[in-house]
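Colleague: The task is simple: from the sequences and hints, build the whole structure.
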Amino acid sequence: MKVSLVVVLAAAASVANGFVYRSDGCPEPYERLDATRCVLADPFKLRKFKEALEFCSGHDGNLVTYDNCPDQLLIWDYIHSEETLASKSYWMGATDEEEEGTWFFTHEQRVVPMGNPFWKHGEPSMSTNNNCAILQAAANHRWVDISCTSSANVICLRNG
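Note that the UniProt record's numbering has the sequence shown beginning at 1, numbered continuously upward.
Each hint can be trusted.
Calculated cross-link-like contacts (lysine to any residue; reagent style SDA-like; alpha-carbon spacing at most 20 Å): (1) K45 <-> Y78; (2) K50 <-> S147; (3) K50 <-> F105; (4) K45 <-> H59; (5) K120 <-> Q72; (6) K120 <-> A138; (7) K120 <-> D96; (8) K45 <-> S147.
Computed spacing ranges between beta-carbons, pair by pair: (9) A139 <-> L74: 15 to 23 Å; (10) S127 <-> D24: 36 to 44 Å; (11) S87 <-> G58: 19 to 27 Å; (12) E31 <-> G122: 32 to 40 Å; (13) K50 <-> A86: 23 to 31 Å; (14) G101 <-> D34: 27 to 35 Å; (15) S151 <-> E28: 24 to 32 Å; (16) T128 <-> H107: 17 to 25 Å; (17) E28 <-> S127: 32 to 40 Å; (18) D24 <-> E98: 34 to 42 Å; (19) T149 <-> S81: 26 to 34 Å; (20) N129 <-> E51: 12 to 20 Å.
Please keep in mind that the hints were generated in silico from the structure rather than gathered at the bench. Every residue gets a Cβ at the ideal spot worked out from N, C-alpha and C, and that includes glycine.
Modeller: Shown next, in the form of structure tokens:
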């Protein structure tokens, strides 16, 4: 009886806000990325940009964003830790849908940095049809702008 009660209490303690938390402190299905963030990648299902936003939001997260070299390397290392992840392109939470050529991160409304080291050479293309950004596998996961109705895989981040 005592063992059953302990198991029930332990299970209850790991559930909060509808999420089951792993031993690393991240809610399932996320895993620990660094000391303050959790990551969730889905390399198996392609989604359009708005579907990717909804997927991350539904998991209490946001599409991956970064604007500094340490975070760029951290995300690159995560993607390249497994061949299944490394062979895919992923949506970023960045768009210039509101004003062509003015890129913003979707969940923070901060301006997206331009040029090296983030964007692939020649990107963004300034095409009025390419208003969303991906981490493109063929460009070693540098940023490339594509149509928001194209399909890519998803990486979500959340604090945790």
